[in-house]
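Okay, here's what each chain looks like letter by letter:
2 protein chains.
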Amino acid sequence: MREELERRIDQALGRTRADLVVKGGRFLNVATGELAKSDIAVCGDRIVGTYDDYDGETVVDAHGLIAVPGFVDTHVHCESTLVTPEEFDRCVLPRGTTTAICDPHEICNVLGTAGLDYFLEASGNLAMDLRVQLSSCVPATGLETSGARLDAADLHRYRDHPRTLGLAEFMNFPGVLAKDPEVLDKLAAFQGRHIDGHSPLVTGRELNAYLSCGIRNCHETTSIEEAREKLRKGMQVLIRDGSVSKDVQALAPVIDAVTAPFLGFCTDDRNPLDIAEEGHLDHLIRRSIALGAPVDAVYRAATWSAARGFGLNDRGLLAPGYRADIVLLEDLEDCRVAGVIRNGRRVGPETFAGRPTVRPVGLGSVKLEPVGAEVFRVPAAGPGGPVIGILPGKILTEHLTMSLPYRNGERLPDPEADVLKVCVLARHGINRNVGRGFVRGFGLRSGALASSVGHDSHNVAVVGASDADMAVAVNRLIELQGGFVAVRDGVVVAELPLPVAGLISDRAFEEVEHALSGLRAAVRGMGCTLAEPFLQLAFLPLPVIPHLKITDLGLVDVDRFELIAA
Amino acid sequence: MREELERRIDQALGRTRADLVVKGGRFLNVATGELAKSDIAVCGDRIVGTYDDYDGETVVDAHGLIAVPGFVDTHVHCESTLVTPEEFDRCVLPRGTTTAICDPHEICNVLGTAGLDYFLEASGNLAMDLRVQLSSCVPATGLETSGARLDAADLHRYRDHPRTLGLAEFMNFPGVLAKDPEVLDKLAAFQGRHIDGHSPLVTGRELNAYLSCGIRNCHETTSIEEAREKLRKGMQVLIRDGSVSKDVQALAPVIDAVTAPFLGFCTDDRNPLDIAEEGHLDHLIRRSIALGAPVDAVYRAATWSAARGFGLNDRGLLAPGYRADIVLLEDLEDCRVAGVIRNGRRVGPETFAGRPTVRPVGLGSVKLEPVGAEVFRVPAAGPGGPVIGILPGKILTEHLTMSLPYRNGERLPDPEADVLKVCVLARHGINRNVGRGFVRGFGLRSGALASSVGHDSHNVAVVGASDADMAVAVNRLIELQGGFVAVRDGVVVAELPLPVAGLISDRAFEEVEHALSGLRAAVRGMGCTLAEPFLQLAFLPLPVIPHLKITDLGLVDVDRFELIAA
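Line by line, the protein sequences give chains L and C. Mapping of the first sequence onto the numbering used here: residues 1 to 566, in sequence order. Mapping of the second sequence onto the numbering used here: residues 1 to 566, in sequence order.
Bound conformation, chain L alone (with noise of 0.2 angstroms):
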């Protein structure tokens, strides 16, 4: 370490050339708002000049360009992107996205500590820095049948791993309120340490609460006056755009230089095919400051305070002693990234060729024998009961009541009113649970979508028009071994397969756009009219989530968080 520090005071001081050097452009100092012109000097991972002239033995011609720090994604599910951590870097490092703090929840519900340490092993021989938080709520709730189970014990076996920053989003809020004792251990295992947050509509005193146990951040605001609130009482709030959910349109004018210490962005679930469509944080980038956020605040948002609420001191900003991770932008309101510096090193294809990679786990993980129609059939006292009610773009859902067909004593669809028929089949091998309900807002007149990504237990969940259908896709999901399938008429229309955990597709992020593209034209064809039917399917289970979900035991009322006749 000695020789690094001589080596960096030489090449501050010129008395050496730089390692590298980003030269004739300009930066924005996320510190003092200011757009400067300067070279930046880098020695092995750091930055070690600016605002002065530097020679170099590489020199990153930036003339026409502006430099910012990397971003950082502070809450993302790698998971979501259906691809490996392997290919995850690949995909979003080239966009700037220098660091991400992951929670391998989905993995952990399929298959425990062992999706953590997949994890944690993946995120060592990555290009990008992904940190592993540790996944708290394994199983979210007691109100589904998850593959695992994490206890205190467990999490408190990583909590000093390096590559970890603390315990992931704390989902179970209902539990904290009750206070439930498992969770309470979980918390108080980790006092003193970072606990991120997961608190969507939580309020007032109850709020309070949840804060009261040292969680610092929430992910899941979707108002101004939410996110006025959480702010007032502390909390960082990081502002998400994922591929159902998506906030900045609403939270966009919260950010200014006041609040901008105190907020950061994340992408959550995001996948393939919307980062290649729309970009990963540059697009929220983007689209904050089309919305009229201020330029400096968006960044500082982006970069500085993501990594200051984490405790990563080493980042956030383009300063002598702070790591090198720089994004060189075309242009700073439209975040047009010309070039990623990462640790020092320009980031281009040969970044990921060299790399070790780990093998995949979880193949296998379906564990459900071929069903008939008729396991979909949802007996009933009469035609009046719940329906779930989608809203487009956002996971949480409305709990509605209708009246739907009534046929020998069975509940049925309604395409013609847009109401389909759910069901979640546990396929953990741990029991032979189906959940059956209704869902409004899918808009297919015919066929079903099935999918073995369903939140956070991930059994496979199945939405269709006819029994038949949904049959022949849970089917050919077991074939697979995971993924999403469309069937019309008796007929696979197009699938995706994720056979690692029934969650990750072992392809490269290319081939994984490519199908998703072939998934969402077929499901258009089929007359649905969500933008992504598949993450808003994968979503039902999730029964953190107000207000109506369905889980492999049924639909959960989530505000009263219990099970409810469908």
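Think of the hints as simulated: they come from the structure by calculation, not from any bench. Treat each hint with caution, since some may be false.
[Unchecked claim] Just so you have them, the derived chain C footprint on chain L, three or more residues with Cβ under 8 angstroms: (1) 12-26; (2) 140-153; (3) 164-176; (4) 198-207; (5) 418-430.
[Stated by the list, open to error] So the derived list for chain L, only partly shown, Cβ under 10 angstroms to chain C, looks like this: (6) Thr58; (7) Pro261; (8) Phe352.
From the three backbone atoms N, C-alpha and C, an ideal C-beta is built for every residue, glycine too.
Position chain C against the provided structure of chain L, taking the given hints into account.
Structure of chain C alone, referenced to chain L:
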């Protein structure tokens, strides 16, 4: 801990009464800059409720008052208050300073690790939170004789002590730039940890090199231009107002919403007389606002920004989950403190009554034989030569060249021209060095002042118009085993004994304040024009502050970092 979380949840929800409620007042939300009308509920040492009404077992009536977070003094040498850590606590906590980050650099220069142990042990007993940084530059330079050395291995042993945050002010910036191996070993041992800076007037590539070693803040910034450069380079600027160095006047214009997260306040060296007359951090806040700095930015800098800059993530906001360090103000602009709550408990005389105290160390540390007047003679080749120019209220000095009276091969003082003799006598029993020189700016026409406080090696510094009075002053200091002494016409006219390491009184801070008042009056009666003559004297031996200083080895040209002839 689980039980404590259960209590917090119940009190936050209002299921049970809070332990303590600050009721009926308003508070300044430093996260949003808003004034809020709200109770503040406290459970144990944590805030558990804001923006609501609460009932409490103990109710603090805050009608007409405004609550703000406890103030954080980001850099202080407690020794410079001239009182023990216990008395420092009793002196500053009731003024709102709930956290202080001290550097026991002075006592370590006299006693080595025994001084560090004394502060670490004492800090554990205090009502305030006193964090003890590890003194990085003992001795500060090789151009003086200190009582002890702390090397990289010594510091490394303390690195994980729970009451330390990292390495204290890294004063030896010439050593950094010169790649001194001992200096770099210390920095290398703390990479990835917190390292405090000290870089007066360091600029350009030299500042880049200094920062490249992971140094993160500076409390030695004295001008707007200097502050702007440091902020641009990502440095946290800790705005200081001590008893000698007063930088708030110059730096207040730099405080705004954008810069506030990168600022903090500190007192560095502030004695009990100034604390009584002006205040502690409350004074710096009041002055900054009076000078036009935005109120919310000033309080953010003094609380949240200060805490975050040092990784103290549990404090600095009045919000649920945060430490209940609360200052109640009668007036926000004028920062008039009406009451303090620390760790959830009201601060009053009883707060300080029951604390265990630590036995003072370093008694008998002035290891000098009585001297005669002849020891102060300055043989020289001619009348011309260097003279230290005092800058009132600054520890920076001018490097003057003057012609002085010259007789019998000796340069002589010229009190009519305000030039006195200044000498430094080694007092650690290691050698008998005496450094000799001249100084302009004290205003004394006769007599002498002596001090066993002489930064940073704390040899005996004496300034005088007559060699005979200088000898009387030094000999009285030896009898007292440390302190401040003023002599006129051979008679001691005022004194303050400082028997603990020759730096600290063993008495109550009020007694020290009284003695300082007497010394000030006496020295003014001797014609002295300086507001703080003993402090200006005590900083003359400090060879890390430009431009001309004096140690037991002689005059030091700080810019060239070498000894020069008197």
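Status of each hint after checking the structure:
| no. | hint | result |
| --- | --- | --- |
| 1 | 12-26 | holds (count 3) |
| 2 | 140-153 | violated (count 0) |
| 3 | 164-176 | violated (count 1) |
| 4 | 198-207 | holds (count 4) |
| 5 | 418-430 | violated (count 0) |
| 6 | Thr58 | violated (18 angstroms) |
| 7 | Pro261 | holds (5 angstroms) |
| 8 | Phe352 | violated (27 angstroms) |
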